[in-house]
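K.L.:
These are the residues of each chain, in order.
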Amino acid sequence: MTTPPPPPSSPSQPPPPPPGAIAQPSPSQLQPIPADALVVVDRVSKFFGDIVAVSDVTFAVSPGVTALLGPNGAGKSTVLRMMCGLALPSSGTVSVMGQSPRSNPEIAAEIGLAPQQESVFGHLTALQFVRASAELQGVANADAEARRVLQLVELDANDQRFLPTYSKGMRQRVKLAQAIVHEPRVILLDEPLSGLDPRQRLHMVALFHELGDQGRAVIVSSHVLEEVERFGSNVVVITQGRLAAQGDFREIRALMDNRPRRLRISSDRPRVLASALIGEDNVSGVRFSGDHIEVDTNDVVAFARAIAPLSKRVEARLFEVAPLDEGLESVFKYLVGR
Amino acid sequence: MTAVEPRPTTISPVASIPAFYRVLLRGQLTRGRLFGLGVLAGISILLMFVGRGVAAFDREQASVQLLSDYSIALLIPLATLILATPMLGNLIEDRLLVYLWLKPVPRWHLAVAAYAAVVTALLPVVVVPIVVSAAITGFGGLIVPATLAAVLGVIAYSGLYLFLGVRFTWGLWLGLLYLVLWENVLSRFSNGMARLSIRSYLNTVLEQGTDVSIPLAERATWSSFLIPIAVAIVAVALTARALARTDIE
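As you go down the protein sequences, you meet chains E and P in turn. Taking the working numbering, the leading residue of the first sequence gets 1, the next gets one more, and so forth. Taking the working numbering, the leading residue of the second sequence gets 1, the next gets one more, and so forth.
Excised from the complex, chain P in its bound form (with noise of 0.2 Å):
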């Protein structure tokens, strides 16, 4: 048909993946979302002092419960379905991904430069408030287990969350149905439902280096890092497949 041949183009992830990273991070900044987000951050921070003022042979209890039940349980997975959910689908409802996806790169590229730009973002607005909310407490030995918990939610919330927003129109609205449903309703009645549940790997996490239990945290130590970190790979893998099949406007 035509004597003309394609150039070889090979883009290496090192070139592409930082390109597309500067322009989805800028992107996400908004001056609502770090409002949004900040707020929530003040109210993890804000509880932690509410904590402090509870008798003090509850206040381990007490304060080990409020991290779990408001940091690991709202904070992370809501600040996370804030940034991570729109990172793509915003551009695809806007129909601006055409200008990232018609180039000659790999969609993982593309995909895990989306999530690089989520996990950085999120790291500051919501582990910074955690550490200082699990300082606050008085408890010295909360201040490690809640650091990890934090990123690891952060790594697994962020993957799972991107991949909704690329895959579903409403994924927004399905993180959030997931977040209330699972995660915080269904989850809680049974052990082995609970397995399926982000949350409960982070409780057991957050649970090393306390004396207090936290109900349902009962999953090995080795799979409570292991698993957020494998649900993020396979999240931003059904990311980029999800971008490879889909119909770009």
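Chain E extracted, bound-state conformation (with noise of 0.2 Å):
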């Protein structure tokens, strides 16, 4: 189910442990943490200088797919930089299978981060790479499970070029076989299908959903919000760096779709058209904006299927019928102001 963000602390709760510390929340402070969660974030805060990028954020993860969904700079990489331990939360805590995993070699083991970053090492073939991350997490046979995870992202372990020469789809491939070479069991892949094209795109997707069905944590951050939906039913959608909404992505997008919008309608007899616009149900305001009419409606469905038959009614042409606040920002907005 959807759940809302948790409300803020009150000042009669106990205070937060220190940043870093093992994470032990209190069933209190979320509402409610899966019995099977892998991943629990709670109450963190984090704070470059006076900037706020990430505001007292609460939730948990649990095997299968979940995505982080948010327009750029909402705070995502953050949340997942603390959630690898990349990064100490300025206030409350973060626990990878119920421990801290700021330098913490147990959970490090169990953690696979594909960054958004686009840059790579200049002097390493695709299998050196992974074959060198996998040296690292301790994994018995590096070369051979290497070459595995590359052709699981098809790509060639024999391909001798180096790096950056790759494009930027490959690339983000071999982050990909890197995160996952050594079988963890928290996967966290930061904007991981840009620069792939479709068809790469519906393979790393069936990918990921292979990865949280064999009862891995998988959390893909995106922005795209057409993207999210093939990821499966659990989102979290962070904007301004506050939780915004959390639970199954059928819910979220519903809230999203039913939201008040704002259209502007073109017409070759707008006042006609706007006096009989006031009288719809359906239409909450009217406004004109130079030659065109600019409508609030509460529900844009039924605002789709009246407008025509009501345009031909009072005898007006309609040229334009178009959404002025359809960007990903306009509803992250939304759904924070909820």
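Hints in this document: simulated from the structure, not taken from any laboratory. Ideal Cβ placement from N, Cα and C applies to all residues, glycine included. Worth double-checking, as some hints may not be accurate.
Beta-carbon label-pair distances, calculated as ranges [unchecked claim]:
no.: 1; chain 1: P; residue 1: Trp170; chain 2: E; residue 2: Asn158; range: 39 to 49 Å
no.: 2; chain 1: E; residue 1: Arg305; chain 2: P; residue 2: Asp94; range: 17 to 27 Å
no.: 3; chain 1: P; residue 1: Thr169; chain 2: E; residue 2: His203; range: 33 to 43 Å
no.: 4; chain 1: E; residue 1: Ile51; chain 2: P; residue 2: Val185; range: 34 to 44 Å
no.: 5; chain 1: E; residue 1: Glu210; chain 2: P; residue 2: Phe225; range: 54 to 64 Å
no.: 6; chain 1: E; residue 1: Glu210; chain 2: P; residue 2: Glu93; range: 32 to 42 Å
no.: 7; chain 1: E; residue 1: Arg199; chain 2: P; residue 2: Arg26; range: 29 to 39 Å
Not the full set, but computed from the structure, chain P residues with beta-carbon under 10 Å of chain E [as the list claims (entries may be wrong)]:
no.: 8; residue: Thr10
no.: 9; residue: Ser12
no.: 10; residue: Ala15
no.: 11; residue: Arg22
no.: 12; residue: Gly27
no.: 13; residue: Gly32
no.: 14; residue: Leu34
no.: 15; residue: Leu96
no.: 16; residue: Val98
no.: 17; residue: Trp101
no.: 18; residue: Leu102
no.: 19; residue: Lys103
no.: 20; residue: Pro104
no.: 21; residue: Pro106
no.: 22; residue: Arg107
Using the supplied hints, reconstruct the complex from the two chains, each of which is provided in its own coordinate frame.
P.N.:
Written as structure tokens, this is what we have:
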């Protein structure tokens, strides 16, 4: 079910443990923690000087594919970095399999990360890179495992070219290969589909699901709503550093679809049409903007059904009906302000 | 919270350090850096030929002074600065350190491997030219102390500059400032300040086996061997600590 973000901590609650401490979230702080949760982010904030990158975020991740959705700069990468111990929370705790991931070799062995940055080692081939990762994770047969995962992501292990000569899509797949070569139980993928062609995207999404079905927690960040739709049902929405929504994708999608919208309408008789629109049930506001009408509606689907017959009734020709606030930012703003 | 326990994972330094080392060493030997180091080494050898032209009664004095003023004072620290500071510093800047950091090993494995990679790369490009330079002088007694001073210099400066590269964004410039201001200016003012200069210990080693006196090379023999090694150990420990504490991009 879709759960709203938890309320901010009240003064009567005990202070959070110091950053980096082994996380022991109390059940009352999270609503609710799934019994099989592999990752728990508990009232986590991260500041960079005066800038609040992440503010009081709480959620838990169970095995399967979970999408971390939010616009660029929302704080997704910072959350991912804290989830794998690369950054310490300024307050709150992150726990992976019940332990702090920060400088914890046991937990590092259970985490695979494909970071967002495109930079790669300039002097390594794909096989050398993935094999080095396997060796440093203590994989028994590093070479064979590196070859296996490269094949899994549809790359040629015998390719002698250095990584910087690879296309963005190929580099994405190499990063994924090094993240999964040691078979971690928590896999964090930061915008892994960017740069991939549609066929590769389908293949990667299928691979994410396969990994999730094996009992791993696969956390995939994205700023593309349509992309997230393919990942599965669990979604964590973050915007402006805050948790906007968490839960089943279909419910969040419904929330997004049913939110109030603003539409721009062009017509040869805008004043007549505007007068007629004011009387409609699903219209909450009408205003003129130059030659256009701007309409606020609470039910865009009902409005879409009604607008054509209405304009015909008042003998106004419709030239254009276009949404004005379809950008993800406006969707996320709505979710935050809900 | 979860019934799943992490798998016990222990990766010995014998496995992890060579793996880190291979990745790091390959990345350091770029054409630009090798060219820069080659130029520095070439100047060292060229200067010794110049020293041979000096009048016979001054030749030993001139040769030792050239080794001290160029090879010890500039070649070793500058070459080390060029290789050691970016060893991990560039990985942080390029946001590549994440691939080595997020591994189930203590941070000191990475620090030691990086240090070993720096020293490995430097020994041929610094020590060999200095040995050749000492041989060119024609004073056989200079070869061993010059070689020891070069090795000890690489050991000490590598640790120091490796740490600066990890700890500070401007590590290269801080290292250059230290080299120019402290090692080559301030430490010449007094014996007390020279005690905090690596160069002073290297000069003491160089002075052994020659009849030439080098200014401010007045350290005890034992300390001129132990202090550079101690500097390296402390610096590598501080590098490991900095790696453990820093936020990784």
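K.L.:
Given a cut of 10 Å on the nearest C-beta pair, is the interface hint for Trp101(P) held or broken against chain E?
P.N.:
Nearest chain E Cβ about 7 Å off; hint holds.
K.L.:
Does Ser12(P) hold up as a contact with chain E if the rule is Cβ-Cβ below 10 Å?
P.N.:
holds (9 Å)
K.L.:
Hint says 34 to 44 Å; check whether the CB-CB distance for Ile51(E) and Val185(P) agrees.
P.N.:
At 40 Å between Cβs, range holds.
K.L.:
Does the closest beta carbon of chain E sit nearer than 10 Å to the beta carbon of Pro104(P)?
P.N.:
The hint holds - Pro104(P) has a Cβ within 10 Å of chain E, the shortest such distance being about 4 Å.
K.L.:
Go through the hint on Thr10(P) and say holds or violated, using the shortest Cβ distance to chain E against 10 Å.
P.N.:
holds (8 Å)
K.L.:
Arg305(E) and Asp94(P), beta-carbon distance inside 17 to 27 Å?
P.N.:
Cβ of Arg305(E) to Cβ of Asp94(P): about 54 Å, so the range 17 to 27 Å is violated.
K.L.:
Per the CB criterion, is Arg107(P) less than 10 Å away from chain E?
P.N.:
With Cβ-Cβ at 7 Å, under 10 Å, it holds.
K.L.:
Verify the interface restraint on Gly27(P): the C-beta must sit less than 10 Å from at least one C-beta of chain E.
P.N.:
holds (5 Å)
K.L.:
Hint says 32 to 42 Å; check whether the CB-CB distance for Glu210(E) and Glu93(P) agrees.
P.N.:
holds (36 Å)
K.L.:
Hey, does the Pro106(P) contact hint survive, CB to chain E under 10 Å?
P.N.:
holds (7 Å)
K.L.:
Taking the least C-beta to C-beta distance, is Leu102(P) closer than 10 Å to chain E?
P.N.:
Nearest chain E Cβ about 6 Å off; hint holds.
K.L.:
Please check whether Arg199(E) and Arg26(P) have a Cβ separation lying inside 29 to 39 Å.
P.N.:
For Arg26(P) against Arg199(E), whose Cβ atoms are near 33 Å apart, the range 29 to 39 Å holds.
When each numbered hint is compared with the structure, violations occur for hints 2, 13, 14.
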